Amino acid sequence: MYPVSELIRNLADQHGRNRHNLLPILQGVVEQEKYLSEYSMIEIARELDLPASEVYGTATFYSFLEYKKMGKYIIRVCKTITCSMKGKNQVVKAIEDMLKISVGETTPDGNFSLLQTNCLGLCHKAPAMLINFDVYTDLTPEKVREILTNYINKKGKGE
Amino acid sequence: MSSNYQLKRVDFIFKDEKDWKEILKNNINRPPQELINELISSELKGRGGAGFPTGLKWKLTAEVDDMTKYVICNADEGEPGTFKDREILSKVPFKVLTSMAVCGHVIGSKEGYIYLRGEYFFLQPELNKAICEFEQYCQEINFDFRIRIFMGSGAYICGEETALFESMEGKRGEPRNKPPFPSNFGYMGKPTVINNVETLAHTYTIFEFGAKRFYDLGVQYSRGSKLFSVSGDTPKPGIYELELGMSLEDFVDEFGDGDTKAVQVGGASGFLVPRKRFGETTIGFQGKLTGISLPTGGSMMLFNSSRSMYNVLDNYLEFFREESCGQCTPCRVGCQQLLNGIKAVKRGEKNALYLDKLLRLTETMQYTAKCGLGQSVANSFSSIVENFREEMIY
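In the order they appear, the protein sequences are chains A and B. Using numbering that gives the first Met the number 0, you'd call the opening residue of the first sequence number 0 and step up by one each time. Using numbering that gives the first Met the number 0, you'd call the opening residue of the second sequence number 0 and step up by one each time.
The set of hints was computed from the structure by calculation and includes no laboratory data. These numbers come from a predicted model, not from an experiment. Note that CB positions come from ideal geometry on N, CA and C, so glycine has one too. Among the hints, a few may not be true.
Pairwise CB distance ranges, derived in the manner of DEER restraints [to be verified]:
| hint | chain 1 | residue 1 | chain 2 | residue 2 | range |
| --- | --- | --- | --- | --- | --- |
| 1 | B | Arg29 | A | Asp137 | 41 to 47 Å |
| 2 | B | Leu6 | A | Ile151 | 58 to 64 Å |
| 3 | A | Gly15 | B | Glu348 | 50 to 56 Å |
| 4 | A | Asp137 | B | Phe13 | 50 to 56 Å |
| 5 | A | Glu145 | B | Glu21 | 46 to 52 Å |
| 6 | B | Arg29 | A | Glu145 | 32 to 38 Å |
| 7 | A | Asn17 | B | Arg388 | 24 to 30 Å |
| 8 | A | Ile130 | B | Asp15 | 42 to 48 Å |
| 9 | A | Ile130 | B | Thr367 | 38 to 44 Å |
| 10 | B | Gly209 | A | Asn17 | 29 to 35 Å |
| 11 | A | Glu141 | B | Gly209 | 47 to 53 Å |
| 12 | A | Met0 | B | Gln32 | 44 to 50 Å |
Listed below are the simulated DSS-like cross-link pairs for lysine-lysine, each with C-alpha atoms no more than 27 Å apart in a straight line [said to hold, decoys possible]:
| hint | chain 1 | residue 1 | chain 2 | residue 2 |
| --- | --- | --- | --- | --- |
| 13 | B | Lys345 | A | Lys92 |
| 14 | B | Lys345 | B | Lys275 |
| 15 | B | Lys24 | B | Lys90 |
| 16 | B | Lys177 | B | Lys58 |
| 17 | A | Lys92 | A | Lys124 |
| 18 | B | Lys90 | A | Lys124 |
| 19 | B | Lys14 | B | Lys235 |
| 20 | B | Lys170 | A | Lys67 |
| 21 | A | Lys142 | B | Lys235 |
| 22 | B | Lys342 | A | Lys92 |
| 23 | B | Lys260 | B | Lys275 |
| 24 | B | Lys170 | A | Lys68 |
| 25 | A | Lys124 | B | Lys177 |
| 26 | B | Lys235 | B | Lys58 |
| 27 | B | Lys170 | A | Lys124 |
| 28 | A | Lys33 | B | Lys170 |
| 29 | A | Lys124 | B | Lys235 |
| 30 | A | Lys124 | B | Lys260 |
| 31 | B | Lys14 | B | Lys177 |
Not everything, but these chain A residues come out facing chain B in the computed CB check (under 10 Å) [stated by the list, open to error]:
| hint | residue |
| --- | --- |
| 32 | Asn9 |
| 33 | Gln13 |
| 34 | Leu25 |
| 35 | Tyr38 |
| 36 | Ile41 |
| 37 | Leu49 |
| 38 | Met84 |
| 39 | Gln89 |
| 40 | Asn117 |
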C-alpha cells in the first residue's frame, strides 16, 4: 500500500502521462483505494497536466470507477433481466439482512459495499454477482450467506 | 412459413486450436489481397450484431495509406443475454490472437488491442499468459506484431466502436459522428479494424478450412454458423454454435421449456417475438424472401407464460436509461420518458392511448439518436408494446 500521491506517480510512470493513459491510471487507483476521492482526481489531473474537470468527467462516466468511499469488498449483484427473473431480489434481500445494509450502502466497519449492476454476461448461470472481481453464479439465499460467511471469516483471520 | 430447415449444431469455434502456429505462419506469408478475397468470398458478416461484411472492412482499411494502423478486438460484450465472447476468450484465445495478427499483416498494422470489459477482469491473467506465448512465437518467426489488453470499466456503450475508441483515448465513452468510419479514422485518428471476438474466431476457421467450408453453412445472405447465448426460461441455458437461417420455431422446439411465450432475439436492443410469430421468423441477416429475418449478436432469451412482459420492458428501459451516455437528447431524455411513461400507464395515471405517444417517441429516437443505442430502443419497446399491450395496462 502506497500513499495515494505516490501511487499516482508510480502509475503515471508505468503507463505514461498522456491522455490515453488516463483510464489505466484511474483503474489502478481504484484497485488499491476502491474509489476515487476528490484529492486523487486532482492529483491525477496535476500529474497528467489535464484540467481536473476532465478527469472528473471521465471518471464519473464509468460505473466501475466509484467516486464515493467504498468498502474493502464491493458486492455487485446483476440486476438485468435474466438474473432478475431467476431470483436476484431474494439474493439481494439475503445480503441486506446479513450485512444490515441496503443497496448503495457500506457496512460501518468499511468491509462491504452492496451495489447492483447491469448485465455481467453470466445469464446462463443466473443469478450472478461479483465481489470485487471474483465471480459467483447460480446464487441462492443460502449460497450467498455461505459465501459472505467465508469473506467475514477471512477478515477475522486478518487476511 | 413452416420450415423444412432443422437446427444444425456446428462445432467450429470451440474446435481445438492446436494448429495455431502453423495457421499463423502460413497466412502471414500469403498476399494480403488473397486473404481479403478469401474473407469476401466466405461472406462472413460481423458477429457483434451489426453484420458488416468482415472482408470488406479489412479491405477498406488495407487501402488507406498510413504508417500507423490498429487492429482492435471488441470484447466489450455488454448486451443483456450474451456471454459467448467470454467463452471464446477463455477456451480458444489463440484463435482470436492469430486472426488479429493475420489482420495486422493484411492491413499493415503492428499493434493490436483487446478491449476487455471491466466485468471480465477475471479473464485477464490467463489471457495475458496466452498473449505472452503468442508474442514469443511471433518473435521466433520474425513477425512484428504486439497485442495488449485494454480494460474497460463498466460501460455498455463502449461496445459501440467509436465510443470504444474514445474510451481507449482516455475520455468518456461517447460515440462519435460517422462518417468518418474507423477504416479511415479510428483509434487515435488512425485507420483501424475493429472486430468482435467471435468474428475473429470465425476468420480463424476460414483460414484453417477455407472459405467454402464456411460458406456452405447457413442460407443466402446469412452464411456460416454463429454462437448463440441461450438463457431465460430454458432447461438448457448455455452457448451453442448453430447454422444461421434456422426458424425460431425450431429453436424453441429445441430450447424451450414447453411453455415459451416469447423470445427476445438480440438482447435488450433486439426484438421480442411472440409465440404466434415463431414460425415465420428466421434468425440471420436481412434478405430472406419470406417471413421476417432477425439478426442477433447471439443473445436469445426465452420467456415462459409465467413472465410479465411489463416487467421485462421495465427492466430493459432501466438498463437503457442507465447506460445511455447522455450525449444526445433523444436518447438521454427519451429513455427516461419511456420508463416514466410505462410506469404512469401501469399506475393508471395515464390512459392506454399514452402508449401510442410513447411509440411515436421511440420512432423519433430511431431517426434522431446519434448511435445504435438510442436508435434501437424502439426495437424492443415497439415489439413488446404492440404484442403485449394489455400487459402494459393491467
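Going through the hints against the structure:
Checked against the given bound of 41 to 47 Å, the beta carbons of B/Arg29 and A/Asp137, roughly 46 Å apart, stay inside it. Separated by about 47 Å at the C-beta atoms, B/Leu6 and A/Ile151 break the suggested range of 58 to 64 Å. Between A/Gly15 and B/Glu348 the beta carbon distance is about 54 Å. The supplied range of 50 to 56 Å therefore holds. Look at A/Asp137 against B/Phe13: about 22 Å separates their beta carbons, and that is not inside 50 to 56 Å.
At roughly 47 Å, the beta-carbon separation of A/Glu145 and B/Glu21 lies within the given 46 to 52 Å, and the hint holds. At roughly 55 Å, the beta carbons of B/Arg29 and A/Glu145 sit outside the given window of 32 to 38 Å. Under the hint 24 to 30 Å, the C-beta atoms of A/Asn17 and B/Arg388, about 53 Å apart, miss the expected range. Between A/Ile130 and B/Asp15 the CB atoms are about 33 Å apart, so this pair departs from the stated range of 42 to 48 Å.
Between A/Ile130 and B/Thr367 the CB atoms are about 41 Å apart, so this pair conforms to the stated range of 38 to 44 Å. Look at B/Gly209 against A/Asn17: about 43 Å separates their beta carbons, and that is not inside 29 to 35 Å. Under the hint 47 to 53 Å, the C-beta atoms of A/Glu141 and B/Gly209, about 52 Å apart, fit the expected range. Evaluation of the 44 to 50 Å hint for A/Met0 and B/Gln32 yields a failure: the beta carbon distance comes to about 55 Å.
For a cut-off of 27 Å, the pair hint linking B/Lys345 to A/Lys92 stands: about 25 Å separates their Cα positions. Under the criterion of a C-alpha separation no larger than 27 Å, the hint pairing B/Lys345 with B/Lys275 is consistent with the structure, at around 25 Å. Distance restraint check for B/Lys24 and B/Lys90: the Cα-Cα separation of roughly 22 Å lies within the 27 Å cut-off, and the hinted pair is therefore satisfied. Using a Cα cut-off of 27 Å, the hinted pair B/Lys177 and B/Lys58 holds, with the two alpha carbons roughly 19 Å apart.
The suggested pairing of A/Lys92 with A/Lys124 holds, with an alpha-carbon distance near 19 Å, which does not exceed 27 Å. At most 27 Å may separate the alpha-carbon atoms for a hinted pair to count; B/Lys90 and A/Lys124 meet this at roughly 18 Å. Between the alpha carbons of B/Lys14 and B/Lys235 the distance comes to roughly 21 Å, so the proposed pair stays at or under 27 Å and holds. Taking the CA atoms of B/Lys170 and A/Lys67, the gap is near 20 Å; set against the 27 Å cutoff, the hint holds.
For the proposed pair A/Lys142 and B/Lys235, the alpha carbon gap of about 21 Å is at most 27 Å, so the pair holds. For a cut-off of 27 Å, the pair hint linking B/Lys342 to A/Lys92 stands: about 24 Å separates their Cα positions. The suggested pairing of B/Lys260 with B/Lys275 holds, with an alpha-carbon distance near 9 Å, which does not exceed 27 Å. A hinted pair counts as satisfied when its Cα atoms are at most 27 Å apart, and B/Lys170 with A/Lys68 qualifies at roughly 23 Å.
Restraint check for A/Lys124 and B/Lys177: not satisfied, since their Cα atoms lie roughly 37 Å apart, outside the 27 Å limit. A distance of roughly 40 Å separates the Cα atoms of B/Lys235 and B/Lys58; the hinted pair therefore is violated under the 27 Å criterion. Restraint check for B/Lys170 and A/Lys124: the C-alpha separation of about 33 Å exceeds 27 Å, so the hint is violated. Of the supplied pair hints, the one linking A/Lys33 and B/Lys170 holds, its CA atoms being roughly 20 Å apart against a limit of 27 Å.
Distance check on the hinted pair: A/Lys124 and B/Lys235 sit about 11 Å apart at the alpha-carbon level, within 27 Å; holds. About 21 Å separates the Cα atoms of A/Lys124 and B/Lys260, which keeps this hinted pair within 27 Å; it holds. The straight-line distance between the Cα atoms of B/Lys14 and B/Lys177 is roughly 37 Å, outside the 27 Å bound, and the hint therefore fails. The interface hint given for A/Asn9 is broken, as the beta carbon of that residue sits about 18 Å from the closest beta carbon of chain B, more than 10 Å.
A distance limit of 10 Å between C-beta atoms decides the matter here; for A/Gln13 the minimum to chain B is near 13 Å, and the interface restraint is violated. A cut of 10 Å between beta carbons decides the hint on A/Leu25: the least distance to chain B is about 7 Å, and the hint holds. Hint status for A/Tyr38: violated, given a least beta-carbon distance of 20 Å to chain B, over 10 Å. Annotation: interface hint on A/Ile41 violated; nearest CB of chain B at approximately 17 Å, more than 10 Å.
At a threshold of 10 Å, the smallest CB-CB gap from A/Leu49 to chain B is about 9 Å, leaving the interface hint in force. Given hint, A/Met84 at the interface with chain B, holds; its Cβ is 7 Å from that chain's nearest Cβ, closer than 10 Å. Interface hint at A/Gln89: violated, since its Cβ lies 15 Å from the closest Cβ of chain B, which is beyond the 10 Å cut-off. With 10 Å as the threshold, the beta carbon of A/Asn117 comes within range of chain B, its nearest partner Cβ sitting at about 6 Å, so the hint holds.
Consistency note: the structure conflicts with the earlier hints numbered 2, 4, 6, 7, 8, 10, 12, 25, 26, 27, 31, 32, 33, 35, 36 and 39.
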